[in-house]
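Enquirer: Just so you know, the sequences run in chain order A and Y. Taken in order, the first sequence gives residues 1 to 213; the numbers are from my numbering. Taken in order, the second sequence gives residues 1 to 731; the numbers are from my numbering.
Calculated from the structure, these hints are not laboratory results. For clarity, every value in this text was computed on a predicted model and none was experimentally measured. The beta-carbon is built from N, C-alpha and C at its ideal position, and this holds for glycine as well. Treat the hints with care, as some may be off.
As the list claims (entries may be wrong) - Okay, the calculated beta carbon distance ranges per label pair:
| # | chain 1 | residue 1 | chain 2 | residue 2 | range |
| --- | --- | --- | --- | --- | --- |
| 1 | A | His-74 | Y | Asn-691 | 47 to 55 Å |
| 2 | A | Ser-176 | Y | Arg-679 | 36 to 44 Å |
| 3 | Y | Ala-11 | A | Ile-204 | 33 to 41 Å |
| 4 | Y | His-549 | A | Asn-6 | 34 to 42 Å |
| 5 | Y | Trp-491 | A | Thr-201 | 32 to 40 Å |
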Amino acid sequence: MSDARNPPIRILIVDDHPVVLAGLTSMLGTQPGMEVVGSASGGEEALEMFRSKPADVLLLDLRMPGMSGIDTLHALRRARISVRVIVLTSFETDEDIYRAVQAGAHGYLLKGAPQSDMIQAIRVVHGGKRYFPRHITERLAERMMRTDLSARELEVLHMLARGLTNKDIGRALNISGNTVRNHVNSIIEKLEVSDRTEAATTAIHRGIIEVNS
Amino acid sequence: MTLPLWLRRRAVVGLLASLLLALLLVGLRAYLHSPRYDLPYRDSFQQGKADEWKALGGTWELENGTMRNDSDERGAKLLTGSPYWRNYSVEADIDLLGSNGDAGLIIRSGDEEEGVNAYSGYYAGLRTLDGVLVVGRAQHGWMEVNKQIKDPNGIRTGRWYHLKLLAYDCQIVAAATPLSQATPTSLAITDNDCIPSGRIGLRSYSSGGIWRNVVVRPATHQDLVAMLETAGASMESKPNNATAQDSEPLGLHRIDEQQEESRATSNHAAQSIESLRVTSFAKPAIATVRGVVILTAPRLFVQDSTGGVYIPQPKAPLLKVGDEVEVTGEVHSGDFSSTLEHATVQVLWARTPMPPVSVTAFQASTGKFDATFVEVQGRLASKEQGPDNTLILDLDEGPQSFRAILNPGRSDYLFNKLKPGSSLRLRGICVVDPEFTRNLTPFVLLLRSNEDLEVLAGPPWWSTGHVIAIVFAALLLALVVTVVYHRIAHWRLQGALDERQRLAHEMHDTLAQSFAGIGFQLQAIRNGVLDENSALLQQLDLAGNLVRHSHEEARRSIATLRPESLESEDILSALDLCARRMVEGTSVQVVVEREGDQRPLPLRIADTLFRIGQEAVANAVRHAQPTMLTIRLKSSENQACLQIEDNGRGFAQENGLLGFGIRGMRRRAQSISAVFQIRSRPDEGTLVQINAPLPPRVTFTTWPIIFWRYAREHWIDERRSKPADSHSYRG
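If we strip away everything but chain A, and leave its shape as in the complex, we get (with noise of 0.2 Å):
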């Protein structure tokens, strides 16, 4: 299929597992109209290999140690480097997909899936559009629809809202101080706010919780 009207697509791959790195490497050096043109293990190294050999489509992992796939993502975008991002990992969570999309990946595939939706992924985004599979962008749905914070969670933050403090909590869910005030550092994480009042604020600004509950 690969001509010299249709240049191959090149590929630049970054997974820190270097069986991961082999497998793909073979699997789509194989296929007609790719061409892997190199294979990185971290964000840094992938950033730098830019330089030298520019590629089409970046098939980025997510969890590596150091630079994750997502920092990798901001750092693309803050050196206006402008590759197609296709975030393939082992493992999914609601936010590790949102995060992704936030960040500005075009596609998200799990390492399972078959070959063809991997190639078929590669194409659709090299030729501009985004490729999301559909439980993919059915979840994606959701987590926008809801906030990313968890039954527990939103039970704080109701509490929090209404200006109790962590005992108080504690003692309306019967649960620990401590657990209440772990539970309210990871809403104010995922919310992505400094402090509990602002946590509140965004919350009912966002519509995560009703102002009258």
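Once you have looked at the hints, place chain Y on chain A.
Expert: Just chain Y, lined up with the frame of chain A:
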């Protein structure tokens, strides 16, 4: 690894708190050890209070706002104050009771014991024997200087002297003034190696004494100078050992002499007290008895070896307990003892007091021991304040009840300490006179001082207060145990969850990645194989499927291990979430039902139920192709029942991967002693049910029962028969 923020904050708060506490303690110590702590001090003898004084020897009693020691003991002391008092003065009015001893004040006293010079400190006293003011230093030994008092009559009994003693640095000044005069006699010593601090004391030697208006004030150098100037006293040097004098032989000598004199004047016609009872009743006869004073106040009693006699309104010199006297008066016989009226009392000599007769309360109640010094034991029934500031103890010994009357004053403290129900030994004068008994009890004991009261045993431990305290302690213990138990359970769980998270990460980073990589590699190989080689292609496809399946298994294991997927308090919502994830992209409807109370499950059980439930849900979604999946949790007091039901195609035989899964679920169920059931028929769906017994809830009230059961099972039964390992833990 750095400490978490909250821990650091807590450590800082803890550090600050302990610093503050240490400061507070240091401050408190400095305050209590201050050389001016509680100064100035003024006695409260006038109010009938002297609880702060501690006696070493002597019979110290309050009388009309004075402190009185009736004994002729050598070196009787009564002490009070702070051992840290340094520069101060002590003054008091003193009246001597005996004509061959001394009485005075101690300053900077410490290290006191019962005995003549058994203390370290400075003593200033007035000595009747040679009419001198004596100042000296005692340190379990005695060194003194003395000076004739400025009074032609010397020092006499029955007369008040004002004595002031001041200690500043290493200078000790004493000044004595007869109350009617203005000229003080002063004496000052400089002790180079002085005792720096100590408390104060009243002390007498071979003579009783009366003290009043004891005042202690902090002293400055000006005070010292003023005292030295007004007195015009010359500074004496340190008392030296050459003048150190032990007055013991001299004192004894004089007493012997006096006794000889007394004997010479005594009436040899004395009769025994018992014989008074046989004197004619017709007209009052005059009789003379000789005996020992056993009580002076509120009544005078004299006793000899045959019995005791009451002497109302005697013509008598100042009497002390233990004085041997000769009494002449009119005999009046009472029901149980005699009285000697209009009696004249003559002191023969002082001797040790008479020992008490040990009797039972019943014996005493017969009246046979009326007016006699007795010792009785009894159990304290109640105590009360009597008239005239006296203290009354109601006692009984068996069926016999009696009263004891204590003098006021220094007994207050002891009195307050006495607990009803205590067993006491009392010494006192047995009196059957209705004036004291008020016809409430057959007899009354008049106690001479609080030395006559001895607590043999406290009240029995099962008194109401103790039982309440024990109950409270038990409740507190129960509370503490419950809290600690839950704390430990929580820690253990947290540890397990942390470990599982670590394991999940580990599996993700190695196992799952390897499966993915191998899958890609197999795919690459397959891509290179020509289509003609169909047998090889089939094998490669199979290998690829196996790897994909393993990858999925690994992913599911990781999902199970992740704590965030297990909101452990609520496995139902966790299973719901898990099921929804699995059916994503299909049309399966997931229904969640909850029955029974929402009691939080023990985490071990919740965990196991979740993992079994997850497997069951996965089996249903993967194999049964249902349209509806129901997850049901029924919990009761002692059992939790989880059901996963689908309306899929069911199965007849557990084999292959399904069989593996079911065996795994069964094994997990066994680990929490749960009953695992699976019911399925082709085309009729599948029901998986786990009945897990719940351990009794450990609460404030139930834990002792649980503990007892546990102890019985594990410690007592174990001795009878070695049981099979009843507890299997999740491996």
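Enquirer: Check the following: the C-beta atoms of His-74 of chain A and Asn-691 of chain Y are separated by a distance inside 47 to 55 Å.
Expert: 51 Å, holds
Enquirer: Between Ala-11 of chain Y and Ile-204 of chain A, does the C-beta distance stay in 33 to 41 Å?
Expert: Check passed, 36 Å falls within 33 to 41 Å.
Enquirer: Does the Cβ distance between His-549 of chain Y and Asn-6 of chain A fall inside 34 to 42 Å?
Expert: 36 Å, holds
Enquirer: For the range 36 to 44 Å, tell me whether the beta carbons of Ser-176 of chain A and Arg-679 of chain Y fit it or not.
Expert: Roughly 41 Å apart at Cβ, these two residues keep to the hinted range, so it holds.
Enquirer: For Trp-491 of chain Y and Thr-201 of chain A, compare the CB-CB distance with the range 32 to 40 Å and indicate the outcome.
Expert: 36 Å, holds
Violated hints: none; the structure is consistent with every hint.
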